[in-house]
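Trainee: Please construct the entire structure, taking both the sequences and the accompanying hints into account.
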Amino acid sequence: MSAFWAIVRRDITLAMRRKAEVITAVFFFVVVAALFPLGIGPDMATLRLTAPGILWIGALLACMLSMGRLFAADYADGTLEQMALSPNGLSVLVAAKILAHWCLSGLPLVLLAPILGLQFDLPTNALWVLTLSLLVGTPLLSLIGAIGAALTLGVRGGDVLLSLLVLPLYVPALIFGAGAVQAEMSGLGASAHLSVLTAMALVAAVFSPWASAAALRLALES
Amino acid sequence: MIWHSFSDFWAMGGYAVYVWGSFGMTAALVWAEIAWAKQARRKLVQNIQAERASVALNATDWR
Amino acid sequence: MFSKSLFYFSSPQRFYPVAGKSWPWFAVMASALAVWGLWLGIFVAPTDFQQGEGYRIIFVHVPVSWMSMIIYLAMAFWALMGLTFNTRLSGMMCSALAPTGAICAFLSLWTGALWGKPMWGTWWVWDARLTSELILFFLYLGYIALTNAIDDPRRADKAGGILALVGALNVPVIYFSVKWWNTLHQGASVSVTNGSSMDRTMLDAMLIMAVAFWLYAIAMTLYRVRNIILARERHTQWVADLPEMKAMSTGAIT
Amino acid sequence: MLTVSQLSCRRGDRRLFSHVSFTLASGQWLHLEGDNGVGKTSLMRLICGLGVPEEGDITWRNEQASATDDDEPQTLRNNLIYLGHQLAIKEDLTPLENLQTHAAISGTPLSTSNAMAALAQMGLRGREQLPVKVLSQGQKRRSALARLIVSEVPLWVLDEPFVALDGTAQEVLRTVINSHLSHGGMVLLTSHQAVSLDGQGRVYRLSA
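Chains as they are written, first to last, in the working numbering: chain A, 1 to 222; chain B, 1 to 63; chain C, 1 to 254; chain D, 1 to 208.
Keep in mind that a hint or two might mislead.
[Claimed, not checked] Dumping the calculated DSS-like pairs for lysine-lysine here, alpha-carbon to alpha-carbon at most 27 Å:
(1) C:K21 x C:K246
(2) B:K38 x C:K246
(3) B:K38 x C:K21
(4) B:K43 x C:K21
(5) B:K43 x C:K246
(6) C:K117 x C:K179
(7) D:K133 x A:K19
(8) D:K140 x A:K19
[As the list claims (entries may be wrong)] Rough simulated footprint, nothing fancy, chain D against chain A, three-plus residues with beta-carbon under 8 Å:
(9) 3-12
(10) 82-93
(11) 128-135
[To be verified] Just a sample of chain C residues kept apart from chain A, beta carbon distances all over 12 Å, derived:
(12) Q13
(13) D48
(14) F77
(15) M81
(16) K117
(17) V125
(18) R129
(19) A159
(20) N170
(21) R200
(22) Q237
Calculated directly from the structure, the hints in this document are not laboratory data. For every residue, glycine included, the Cβ atom is placed at its ideal position computed from N, Cα and C.
Mentor: Written out as structure tokens, the structure reads:
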């Protein structure tokens with residue numbers, strides 16, 4: 001277990017010594033969310049209706065943006081092969097990297113979302129549900145994205161390929177995440193959506209590190 | 001046989017664009033897929049033959 | 001006995017002639033059934049009293065939609081075989097299936113849109129089936145793009161296999177999530193085959209067409225897997241000894 | 001004891017080497033030699049489980065080695081340290097942090113004082129807390145080599161360990177390897193220059 005936390009700490013330390021990359025993804029989220037009203041028009045009723053979808057798609061793209069770098073640096077400098085040789089098992093270390101990725105790219109979005117939701121005139125209860133749905137949903141995005149990042153590691157045009165592979169797999173997360181906020185606003189209650197989202201995140205938490213580790217071994221063997 | 005005339009058949013009861021659009025695209029893609037696979041095979045066989053021929057040629061030249 | 005013969009033919013060298021002998025039979029049967037099914041579907045089946053002649057689109061739409069799903073399941077099956085038993089043929093079968101699957105998914109979308117326009121008055125409806133079909137099409141494209149981008153065939157096969165399995169797990173989740181989303185939004189949930197009272201001839205024609213597409217997919221896959229085997233094994237002696245390698249080369253020189 | 005028997009490796013269409021066999025027992029070292037591109041690195045990666053051999057076996061203490069995620073302490077993967085062309089050093093971390101992270105990954109217990117001592121032995125005294133990016137190429141390699149000093153595994157697989165090191169550093173490395181051999185360790189290494197080490201050593205010439 002100490003190896004797990006060592007990797008989490010190392011990845012966060014590395015990111016803190018190069019803050020620009022983390023800040024870029026967060027800034028991207030803010031800019032995208034600010035551009036949508038300019039494209040749709042300032043009508044508050046429309047904005048309130050579209051806000052959950054816009055914020056969720058923004059989060060999804062921001063997560064995508066940083067996903068390509070998840071394993072790239074460790075692959076390039078040989079740390080990944082050392083991880084593959086670790087007696088702790090590669091999948092445990094991959095899980096640590098996914099957790100660190102979420103702390104750096106998912107968590108800031110969760111914290112920012114209620115502020116951006118205010119721009120869209122979301123009611124208070126909807127803001128809470130939005131934050132909660134992102135809190136459960138962004139780990140799911142990191143987990144699914146990790147499989148794509150591992151599969152496309154070191155492949156020609158990997159970044160574009162990554163989005164082609166991963167975005168379709170994000171559909172359920174998007175539907176239930178944005179749906180939770182819409183259900184709350186329409187008075188149906190969000191608990192059903194949030195439980196499905198949680199269940200999907202838990203399944204992905206079991207399956208994704210294992211599948212990613214298998215894909216990473218392929219990248220190392222070729 | 002349910003059609004009374006040829007033009008009747010083509011008109012498809014007013015749905016000609018939709019029905020023939022569907023059947024036509026299906027036929028076109030099936031044809032394209034077959035042509036593509038056949039061409040791929042022809043190219044591949046030629047490539048392999050050329051490769052083998054060049055290996056044989058170089059082997060005699062260098063001796 | 002079964003598993004023994006299974007592994008016997010899982011060698012590309014042994015499978016190559018088997019595939020070569022069998023694909024023409026599947027192709028002939030597929031063409032014969034397609035002619036029969038089209039004859040029944042276009043010339044014999046009566047006009048639908050609700051949808052007029054427009055319903056005839058189902059004779060391609062339903063078979064290609066079924067095939068797009070069956071082919072993905074077949075890919076997931078071969079992916080599982082490849083990852084558990086480590087047989088080389090499995091990955092080749094997987095990548096041989098994908099293009100036909102992608103074409104079927106595209107045709108399903110195309111014919112679905114052409115069917116939807118006269119029936120619902122719109123080219124596209126965000127219902128569970130059409131949306132899942134669209135995602136399925138993206139999954140096929142992703143698989144093809146990934147396997148083509150990786151140069152090392154071993155990694156391409158295995159990475160494609162992982163992707164196919166992850167996708168296969170996701171398709172039902174996507175279907176049910178879109179379905180739920182749709183009911184919440186009170187959208188149209190119309191099925192192409194309203195199912196209630198289909199004429200016997202219509203049903204026959206549709207099933208015959210479905211079998212024809214199935215056989216077509218098998219023939220195409222066998223044909224394409226031969227190409228893949230040749231490309232992978234190009235430097236082996238058995239490929240050099242193939243009659244087709246010699247027949248054409250003497251022809252080319254003289 | 002490490003036993004490699006009838007190992008063959010293929011890279012794409014090209015066969016690198018075939019039917020490589022050797023054994024390596026406690027206290028022994030083996031110098032892999034061969035022209036560029038003959039597959040020395042590939043052979044080392046196969047032994048580490050970072051590749052799949054076309055045919056042949058690798059056994060460790062008479063057990064088949066496997067690359068899968070099994071946690072049994074007996075497996076070869078848990079008994080070796082691999083130092084490849086890529087140093088697995090993070091430019092933004094200090095040598096001390098790099099060493100500590102690596103110890104955590106490889107499951108080696110390591111106290112800060114031991115880590116400092118190892119870095120000092122590699123001649124990095126006073127540079128333990130500087131980011132690696134300000135160090136020279138040779139110093140980077142030395143901070144990677146400090147892993148050997150703190151490691152507790154019997155088999156060392158070293159790909160060109162002497163490259164880019166000055167005379168002093170080479171001498172230190174030789175001392176470290178000799179001490180490992182005298183404690184019953186095994187060393188498999190490649191080098192473009194002749195290697196003189198204590199203990200029982202051999203040269204294995206790899207050819208296509």
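Trainee: Confirm or reject each hint.
Mentor: Cross-check of the supplied hints:
1. Restraint check: the Cα-Cα separation between K21 (chain C) and K246 (chain C) comes to about 19 Å, which is no more than 27 Å; the hinted pair holds.
2. Using a Cα cut-off of 27 Å, the hinted pair K38 (chain B) and K246 (chain C) holds, with the two alpha carbons roughly 18 Å apart.
3. Between K38 (chain B) and K21 (chain C) the CA atoms are separated by roughly 16 Å; this keeps the pair inside 27 Å, and the hint holds.
4. Distance check on the hinted pair: K43 (chain B) and K21 (chain C) sit about 21 Å apart at the alpha-carbon level, within 27 Å; holds.
5. The straight-line distance between the Cα atoms of K43 (chain B) and K246 (chain C) is roughly 15 Å, inside the 27 Å bound, and the hint therefore holds.
6. A distance of roughly 21 Å separates the Cα atoms of K117 (chain C) and K179 (chain C); the hinted pair therefore holds under the 27 Å criterion.
7. Simply put, K133 (chain D) and K19 (chain A) have alpha-carbon atoms about 17 Å apart, close enough for the 27 Å limit, and the pair holds.
8. The hinted pair formed by K140 (chain D) and K19 (chain A) meets the criterion: a straight-line CA distance of about 24 Å does not exceed 27 Å.
9. Evaluation of the coverage hint for the stretch 3-12 of chain A: fulfilled, as 4 residues show C-beta separations to chain D shorter than 8 Å, against a requirement of three.
10. Counting residues of the stretch 82-93 of chain A whose C-beta lies closer than 8 Å to any C-beta of chain D gives 11; at least three are required, and the coverage claim holds.
11. For a cut-off of 8 Å, the count of residues in the stretch 128-135 of chain A with a CB near a CB of chain D stands at 0, and the three-residue condition is violated.
12. Distance check on Q13 (chain C): its Cβ is at least 23 Å (rounded) from any Cβ of chain A, clearing the 12 Å threshold; non-interface status holds.
13. The Cβ of D48 (chain C) lies farther than 12 Å from every Cβ of chain A, with a closest approach of about 34 Å, so its non-interface assignment holds.
14. Listed as a non-interface residue, F77 (chain C) keeps its Cβ farther than 12 Å from every Cβ of chain A; the least gap is roughly 18 Å.
15. For M81 (chain C), the requirement that its beta carbon stay farther than 12 Å from each beta carbon of chain A is met, with the minimum near 16 Å.
16. At roughly 25 Å, the least C-beta separation between K117 (chain C) and chain A is larger than 12 Å, which holds for a residue marked as non-interface.
17. Residue-level check passed: V125 (chain C) sits 16 Å from the nearest beta carbon of chain A, beyond 12 Å.
18. For R129 (chain C), the requirement that its beta carbon stay farther than 12 Å from each beta carbon of chain A is met, with the minimum near 14 Å.
19. For A159 (chain C), the condition that its CB be more than 12 Å from all CB atoms of chain A is violated, with the nearest at approximately 5 Å.
20. Residue placement check: N170 (chain C) does not keep its beta carbon more than 12 Å from all beta carbons of chain A (closest about 5 Å).
21. Distance to chain A confirms R200 (chain C) as a non-interface residue, since its nearest Cβ pair spans about 39 Å, more than 12 Å.
22. Its beta-carbon lying about 26 Å from the closest one in chain A, Q237 (chain C) satisfies the requirement of being farther than 12 Å from that chain.
Checked against the numbered hints given earlier, this structure breaks hints 11, 19 and 20; the rest are met.
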